[in-house]
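In this text, residue positions in the sequence shown follow this note's numbering: the first is 802, and each later residue adds one.
Check each hint, because a few of them may be wrong.
Said to hold, decoys possible - Here are the computed lysine-lysine pairs in the DSBU-like style, where the Cα-Cα straight-line distance is at most 30 angstroms: (1) K843 - K1081; (2) K1034 - K810; (3) K898 - K843; (4) K882 - K1042; (5) K836 - K1034; (6) K941 - K1027; (7) K1034 - K843; (8) K836 - K977; (9) K989 - K950; (10) K1042 - K1027; (11) K1034 - K1012; (12) K836 - K1042; (13) K1012 - K989; (14) K925 - K941; (15) K1081 - K882; (16) K960 - K950; (17) K882 - K832; (18) K880 - K1102; (19) K1005 - K1102; (20) K986 - K825; (21) K916 - K934; (22) K843 - K1005; (23) K977 - K843; (24) K986 - K1107; (25) K1107 - K916; (26) K1047 - K843.
Unchecked claim - Listed next, with one range per pair, are the computed distances between beta-carbon atoms: (27) D814 - E970: 32 to 38 angstroms; (28) S1082 - K913: 50 to 56 angstroms; (29) L948 - K986: 26 to 32 angstroms; (30) G1080 - E970: 45 to 51 angstroms; (31) I933 - D1016: 35 to 41 angstroms; (32) N902 - G1045: 40 to 46 angstroms.
Derived from the structure by calculation, the hints contain no laboratory data. Even glycine gets a Cβ: it sits at the ideal position worked out from N, Cα and C.
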Amino acid sequence: MKNILESIKYVIDNAEDVYINTEKLEEVCSKLEIKGEEYWLKAAPGNITLLNTSEIVTFVLILETIDFSFWGDPKWSVKYKEISYDGAFGLVVALIKALENNYKILDFEYLKNMKFEDFEQIMKGNIEIPLIKERFHYLKEMVEVVLEKFDGNFYKHIKNIRTDKDLFEIIINNFKCFDDHMCYKGEKIYFYKRAQLLTIDILKIMEEREKITADYSSITACADYKIPQSLRKLEILTYSKNLGEKVDNSIVLPEGCNEEIEIRAFTIYAVERIKQIIGKSGRNIRSIDINDYLWLQGQNKNISDKPYHLVRTTAY
(Lines of atoms letter the chains of each structure in order from A and count residues from 1; the text may use other names and numbers.)
(Lines give C-alpha, C1' and ligand atoms only; values in the text may rest on other atoms or scores of the structure.)
Protein backbone atom coordinates (compact mmCIF):
# COMPACT_ATOMS: atom_id res chain seq x y z
CA MET A 1 0.00 0.00 0.00
CA LYS A 2 1.13 3.53 -0.76
CA ASN A 3 1.64 4.77 2.81
CA ILE A 4 3.55 1.59 3.69
CA LEU A 5 6.07 2.03 0.87
CA GLU A 6 6.35 5.77 1.44
CA SER A 7 6.93 5.39 5.18
CA ILE A 8 9.56 2.64 4.98
CA LYS A 9 11.69 4.81 2.69
CA TYR A 10 12.72 6.81 5.75
CA VAL A 11 13.94 3.61 7.42
CA ILE A 12 15.83 2.47 4.32
CA ASP A 13 17.57 5.85 4.10
CA ASN A 14 18.53 5.96 7.79
CA ALA A 15 19.15 2.32 8.71
CA GLU A 16 22.12 1.32 10.84
CA ASP A 17 21.81 -2.45 11.26
CA VAL A 18 20.13 -3.95 8.18
CA TYR A 19 21.31 -3.76 4.57
CA ILE A 20 20.54 -5.11 1.11
CA ASN A 21 23.29 -7.05 -0.64
CA THR A 22 22.66 -5.63 -4.12
CA GLU A 23 25.05 -8.00 -5.85
CA LYS A 24 23.41 -11.04 -4.27
CA LEU A 25 19.97 -9.61 -5.00
CA GLU A 26 20.67 -9.53 -8.74
CA GLU A 27 22.17 -13.01 -8.68
CA VAL A 28 19.26 -14.55 -6.77
CA CYS A 29 16.66 -12.85 -8.97
CA SER A 30 18.21 -14.45 -12.05
CA LYS A 31 17.63 -17.89 -10.50
CA LEU A 32 14.35 -17.55 -8.63
CA GLU A 33 11.52 -19.65 -10.00
CA ILE A 34 8.37 -17.97 -8.71
CA LYS A 35 5.38 -19.25 -10.63
CA GLY A 36 2.78 -17.02 -9.04
CA GLU A 37 0.79 -20.08 -8.02
CA GLU A 38 2.09 -20.27 -4.46
CA TYR A 39 -0.51 -19.40 -1.86
CA TRP A 40 0.12 -20.15 1.79
CA LEU A 41 -3.46 -21.17 2.70
CA LYS A 42 -3.56 -23.71 -0.13
CA ALA A 43 -0.56 -25.38 1.46
CA ALA A 44 -2.19 -25.39 4.90
CA PRO A 45 -3.24 -28.68 6.51
CA GLY A 46 -6.86 -29.70 6.90
CA ASN A 47 -9.73 -29.05 4.55
CA ILE A 48 -11.96 -25.99 4.73
CA THR A 49 -13.28 -26.35 1.19
CA LEU A 50 -16.55 -27.85 2.44
CA LEU A 51 -17.42 -24.45 3.91
CA ASN A 52 -19.28 -21.94 1.75
CA THR A 53 -17.61 -18.68 0.72
CA SER A 54 -19.09 -16.64 3.56
CA GLU A 55 -17.96 -19.24 6.10
CA ILE A 56 -14.42 -19.41 4.71
CA VAL A 57 -14.17 -15.60 4.82
CA THR A 58 -15.30 -15.72 8.46
CA PHE A 59 -12.73 -18.45 9.11
CA VAL A 60 -9.82 -16.37 7.77
CA LEU A 61 -11.10 -13.23 9.53
CA ILE A 62 -10.88 -15.12 12.83
CA LEU A 63 -7.56 -16.65 11.81
CA GLU A 64 -5.83 -13.38 10.92
CA THR A 65 -7.25 -11.60 13.97
CA ILE A 66 -5.22 -13.92 16.21
CA ASP A 67 -2.39 -14.84 13.82
CA PHE A 68 0.74 -13.65 15.64
CA SER A 69 3.73 -14.56 17.83
CA PHE A 70 3.93 -18.35 17.98
CA TRP A 71 7.62 -18.75 18.79
CA GLY A 72 8.91 -20.24 22.01
CA ASP A 73 10.94 -23.08 23.46
CA PRO A 74 9.20 -25.43 23.26
CA LYS A 75 7.09 -24.03 20.46
CA TRP A 76 3.30 -24.20 20.73
CA SER A 77 1.93 -26.88 18.44
CA VAL A 78 -1.33 -28.70 17.76
CA LYS A 79 -1.65 -32.35 16.77
CA TYR A 80 -4.06 -33.16 13.94
CA LYS A 81 -4.41 -36.62 12.43
CA GLU A 82 -1.21 -37.75 14.15
CA ILE A 83 0.85 -34.84 12.79
CA SER A 84 1.98 -31.85 14.89
CA TYR A 85 1.67 -28.38 13.36
CA ASP A 86 3.08 -25.14 14.74
CA GLY A 87 2.87 -21.47 13.84
CA ALA A 88 0.12 -20.32 11.49
CA PHE A 89 -0.52 -23.88 10.33
CA GLY A 90 -1.02 -24.86 13.97
CA LEU A 91 -3.61 -22.10 14.29
CA VAL A 92 -5.40 -23.30 11.16
CA VAL A 93 -5.74 -26.83 12.50
CA ALA A 94 -6.78 -25.57 15.95
CA LEU A 95 -9.72 -23.79 14.30
CA ILE A 96 -10.50 -26.79 12.08
CA LYS A 97 -10.54 -29.03 15.16
CA ALA A 98 -12.86 -26.56 16.89
CA LEU A 99 -15.34 -26.90 14.02
CA GLU A 100 -15.02 -30.69 14.07
CA ASN A 101 -15.71 -30.63 17.83
CA ASN A 102 -18.90 -28.61 17.27
CA TYR A 103 -17.68 -25.24 18.53
CA LYS A 104 -19.80 -22.75 16.57
CA ILE A 105 -16.89 -20.44 15.88
CA LEU A 106 -18.31 -19.22 12.56
CA ASP A 107 -21.32 -17.77 14.41
CA PHE A 108 -20.55 -14.25 15.63
CA GLU A 109 -23.26 -14.39 18.30
CA TYR A 110 -21.62 -17.52 19.68
CA LEU A 111 -18.21 -15.80 19.63
CA LYS A 112 -19.67 -12.77 21.39
CA ASN A 113 -20.75 -14.94 24.32
CA MET A 114 -17.83 -17.37 24.25
CA LYS A 115 -16.00 -17.69 27.56
CA PHE A 116 -12.25 -17.51 27.92
CA GLU A 117 -12.21 -21.14 29.10
CA ASP A 118 -13.72 -22.25 25.78
CA PHE A 119 -11.15 -20.22 23.87
CA GLU A 120 -8.41 -21.84 25.95
CA GLN A 121 -9.76 -25.24 24.99
CA ILE A 122 -9.84 -24.33 21.28
CA MET A 123 -6.23 -23.10 21.45
CA LYS A 124 -5.07 -26.11 23.46
CA GLY A 125 -1.77 -27.55 22.26
CA ASN A 126 1.35 -29.05 23.76
CA ILE A 127 1.75 -25.84 25.82
CA GLU A 128 -0.30 -22.67 26.27
CA ILE A 129 -0.17 -20.51 23.16
CA PRO A 130 1.76 -17.24 23.77
CA LEU A 131 -0.29 -14.07 24.34
CA ILE A 132 -3.51 -16.04 24.76
CA LYS A 133 -5.26 -13.21 26.64
CA GLU A 134 -4.33 -10.73 23.91
CA ARG A 135 -5.69 -13.10 21.26
CA PHE A 136 -8.95 -13.47 23.15
CA HIS A 137 -9.24 -9.69 23.53
CA TYR A 138 -8.60 -9.12 19.82
CA LEU A 139 -11.14 -11.79 18.90
CA LYS A 140 -13.83 -10.19 21.08
CA GLU A 141 -12.99 -6.75 19.70
CA MET A 142 -13.29 -7.99 16.10
CA VAL A 143 -16.58 -9.78 16.81
CA GLU A 144 -18.06 -6.63 18.33
CA VAL A 145 -17.20 -4.66 15.19
CA VAL A 146 -18.71 -7.28 12.87
CA LEU A 147 -21.95 -7.36 14.88
CA GLU A 148 -22.25 -3.59 15.22
CA LYS A 149 -20.98 -2.37 11.84
CA PHE A 150 -21.52 -5.32 9.49
CA ASP A 151 -24.79 -6.81 10.79
CA GLY A 152 -23.00 -9.99 11.84
CA ASN A 153 -22.01 -10.86 8.27
CA PHE A 154 -18.70 -9.40 7.12
CA TYR A 155 -18.72 -11.23 3.79
CA LYS A 156 -22.06 -9.74 2.75
CA HIS A 157 -20.58 -6.24 3.00
CA ILE A 158 -17.36 -6.93 1.08
CA LYS A 159 -18.38 -9.57 -1.47
CA ASN A 160 -18.49 -7.10 -4.38
CA ILE A 161 -15.02 -5.66 -3.72
CA ARG A 162 -12.43 -6.52 -6.35
CA THR A 163 -9.36 -4.46 -5.38
CA ASP A 164 -6.91 -4.97 -2.55
CA LYS A 165 -6.87 -1.23 -1.81
CA ASP A 166 -10.62 -1.04 -1.19
CA LEU A 167 -10.75 -4.14 1.00
CA PHE A 168 -7.63 -3.13 2.92
CA GLU A 169 -9.14 0.29 3.70
CA ILE A 170 -12.29 -1.33 5.10
CA ILE A 171 -10.19 -3.57 7.34
CA ILE A 172 -7.89 -0.90 8.79
CA ASN A 173 -10.65 1.72 9.11
CA ASN A 174 -12.94 -0.58 11.10
CA PHE A 175 -10.81 -3.07 13.01
CA LYS A 176 -8.46 -1.46 15.51
CA CYS A 177 -6.80 -4.82 16.23
CA PHE A 178 -5.30 -4.80 12.71
CA ASP A 179 -3.37 -1.57 13.30
CA ASP A 180 0.36 -2.05 12.78
CA HIS A 181 2.61 0.98 12.86
CA MET A 182 5.76 1.90 14.76
CA CYS A 183 7.85 4.99 15.47
CA TYR A 184 11.37 5.12 14.01
CA LYS A 185 13.61 8.07 14.86
CA GLY A 186 10.57 10.30 15.24
CA GLU A 187 8.75 9.10 12.10
CA LYS A 188 5.65 6.90 11.95
CA ILE A 189 6.28 3.73 9.91
CA TYR A 190 3.41 1.56 8.63
CA PHE A 191 3.48 -2.21 8.13
CA TYR A 192 -0.06 -3.62 8.46
CA LYS A 193 1.12 -7.21 8.17
CA ARG A 194 -2.07 -8.95 9.31
CA ALA A 195 -4.39 -6.51 7.53
CA GLN A 196 -2.59 -7.12 4.24
CA LEU A 197 -2.61 -10.88 4.79
CA LEU A 198 -6.35 -10.85 5.50
CA THR A 199 -6.89 -8.79 2.35
CA ILE A 200 -4.98 -11.34 0.28
CA ASP A 201 -6.75 -14.29 1.92
CA ILE A 202 -10.23 -12.94 1.24
CA LEU A 203 -9.55 -11.94 -2.38
CA LYS A 204 -7.87 -15.30 -3.10
CA ILE A 205 -10.87 -17.13 -1.64
CA MET A 206 -13.32 -15.09 -3.71
CA GLU A 207 -11.23 -15.60 -6.85
CA GLU A 208 -11.31 -19.35 -6.37
CA ARG A 209 -14.89 -19.72 -5.15
CA GLU A 210 -16.70 -16.94 -7.00
CA LYS A 211 -14.49 -16.87 -10.12
CA ILE A 212 -13.81 -13.14 -9.84
CA THR A 213 -10.65 -11.36 -11.02
CA ALA A 214 -9.02 -9.43 -8.20
CA ASP A 215 -6.52 -6.57 -8.32
CA TYR A 216 -3.54 -7.11 -6.00
CA SER A 217 -1.43 -4.25 -7.33
CA SER A 218 -1.27 -2.27 -4.07
CA ILE A 219 -0.29 -5.07 -1.70
CA THR A 220 3.29 -5.17 -0.42
CA ALA A 221 5.14 -7.87 1.51
CA CYS A 222 3.74 -8.95 4.87
CA ALA A 223 6.63 -8.13 7.20
CA ASP A 224 6.84 -10.95 9.74
CA TYR A 225 9.75 -13.07 10.99
CA LYS A 226 9.76 -15.94 8.45
CA ILE A 227 10.19 -13.82 5.30
CA PRO A 228 13.26 -11.91 6.55
CA GLN A 229 14.69 -15.25 7.65
CA SER A 230 14.30 -16.54 4.07
CA LEU A 231 15.79 -13.34 2.64
CA ARG A 232 18.76 -13.63 4.99
CA LYS A 233 19.23 -17.28 4.01
CA LEU A 234 19.39 -16.11 0.38
CA GLU A 235 21.95 -13.49 1.55
CA ILE A 236 19.78 -10.68 0.19
CA LEU A 237 19.36 -9.25 3.68
CA THR A 238 22.47 -8.75 5.79
CA TYR A 239 22.63 -7.68 9.44
CA SER A 240 25.27 -5.71 11.31
CA LYS A 241 27.60 -7.79 13.49
CA ASN A 242 25.76 -6.69 16.63
CA LEU A 243 22.27 -7.46 15.29
CA GLY A 244 23.42 -10.69 13.66
CA GLU A 245 24.78 -11.95 16.99
CA LYS A 246 21.53 -11.08 18.76
CA VAL A 247 19.40 -12.89 16.18
CA ASP A 248 21.72 -15.90 15.92
CA ASN A 249 21.79 -16.29 19.71
CA SER A 250 18.00 -15.99 19.98
CA ILE A 251 18.12 -12.81 22.04
CA VAL A 252 14.64 -11.30 22.21
CA LEU A 253 14.48 -7.80 20.72
CA PRO A 254 12.26 -5.21 22.44
CA GLU A 255 9.04 -4.59 20.53
CA GLY A 256 9.30 -1.40 18.47
CA CYS A 257 13.10 -1.13 18.70
CA ASN A 258 14.96 0.31 15.70
CA GLU A 259 16.45 -3.08 14.85
CA GLU A 260 13.03 -4.72 14.56
CA ILE A 261 11.70 -1.85 12.46
CA GLU A 262 14.71 -2.04 10.13
CA ILE A 263 14.27 -5.80 9.65
CA ARG A 264 10.59 -5.34 8.79
CA ALA A 265 11.15 -2.33 6.52
CA PHE A 266 13.96 -4.03 4.59
CA THR A 267 11.79 -7.12 4.19
CA ILE A 268 9.22 -5.05 2.32
CA TYR A 269 11.89 -3.15 0.40
CA ALA A 270 13.67 -6.37 -0.66
CA VAL A 271 10.45 -7.88 -2.00
CA GLU A 272 9.74 -4.71 -3.99
CA ARG A 273 13.29 -4.77 -5.41
CA ILE A 274 12.89 -8.44 -6.38
CA LYS A 275 9.63 -7.57 -8.15
CA GLN A 276 11.31 -4.71 -10.04
CA ILE A 277 14.32 -6.75 -11.13
CA ILE A 278 12.27 -9.75 -12.26
CA GLY A 279 9.85 -7.37 -13.99
CA LYS A 280 12.68 -5.95 -16.10
CA SER A 281 13.20 -9.41 -17.58
CA GLY A 282 9.64 -9.38 -18.88
CA ARG A 283 8.14 -11.63 -16.21
CA ASN A 284 5.01 -10.27 -14.58
CA ILE A 285 5.33 -11.03 -10.89
CA ARG A 286 3.44 -9.51 -7.96
CA SER A 287 4.61 -8.69 -4.45
CA ILE A 288 2.17 -11.24 -3.02
CA ASP A 289 3.66 -13.99 -5.21
CA ILE A 290 7.15 -13.26 -3.89
CA ASN A 291 5.78 -12.93 -0.36
CA ASP A 292 4.10 -16.35 -0.42
CA TYR A 293 7.08 -17.98 -2.14
CA LEU A 294 9.48 -16.74 0.55
CA TRP A 295 7.09 -17.64 3.38
CA LEU A 296 6.60 -21.17 2.09
CA GLN A 297 10.37 -21.51 1.63
CA GLY A 298 10.67 -20.61 5.30
CA GLN A 299 8.52 -23.60 6.21
CA ASN A 300 11.21 -25.92 4.82
CA LYS A 301 13.14 -26.09 8.05
CA ASN A 302 16.80 -27.07 8.03
CA ILE A 303 18.95 -27.53 11.10
CA SER A 304 21.65 -25.35 9.51
CA ASP A 305 19.28 -22.39 9.02
CA LYS A 306 19.98 -19.25 11.01
CA PRO A 307 17.18 -18.34 13.43
CA TYR A 308 14.58 -15.68 12.76
CA HIS A 309 14.51 -12.55 14.91
CA LEU A 310 12.45 -12.79 18.09
CA VAL A 311 10.00 -10.11 19.22
CA ARG A 312 6.97 -10.81 21.39
CA THR A 313 4.30 -8.82 19.58
CA THR A 314 0.71 -8.91 18.37
CA ALA A 315 1.75 -7.45 15.00
CA TYR A 316 3.05 -10.71 13.52
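Does the structure keep K1005 and K1102 at a Cα separation of 30 angstroms or less? Holds - the C-alpha atoms of K1102 and K1005 are around 26 angstroms apart, at most 30 angstroms.
Would the pair K882 and K1042 pass a check requiring their Cα atoms to be no farther apart than 30 angstroms? 43 angstroms, violated
If I claimed the Cβ atoms of D814 and E970 lie 32 to 38 angstroms apart, would that claim hold in this structure? Check failed, 27 angstroms falls outside 32 to 38 angstroms.
Taken at face value, is the distance from the CA of K810 to the CA of K1034 at most 30 angstroms? Holds - the C-alpha atoms of K810 and K1034 are around 23 angstroms apart, at most 30 angstroms.
Taken at face value, is the distance from the CA of K1034 to the CA of K836 at most 30 angstroms? 20 angstroms, holds
Hint check: K880 vs K1102, CA-CA at most 30 angstroms. Holds or violated? Holds - the C-alpha atoms of K1102 and K880 are around 18 angstroms apart, at most 30 angstroms.
K925 paired with K941 [C-alpha distance capped at 30 angstroms]: 18 angstroms, holds
For the pair supplied as a hint, K986 and K1107, confirm whether the alpha-carbon distance does not exceed 30 angstroms. 28 angstroms, holds
Beta-carbon spacing of S1082 to K913 - inside the hinted bounds 50 to 56 angstroms or not: 51 angstroms, holds
Restraint check for K1034 with K843, where alpha carbons must lie at most 30 angstroms apart: Satisfied, since the Cα-Cα distance of roughly 24 angstroms is no more than 30 angstroms.
Does 45 to 51 angstroms hold as the CB distance between G1080 and E970, or does it fail? 26 angstroms, violated
Given pair status - K916, K1107, alpha carbons within 30 angstroms: At roughly 40 angstroms apart (the allowed maximum being 30 angstroms), K916 and K1107 break the hint.
In summary, the numbered hints that this structure violates are 4, 8, 11, 12, 13, 15, 17, 25, 26, 27, 29, 30.
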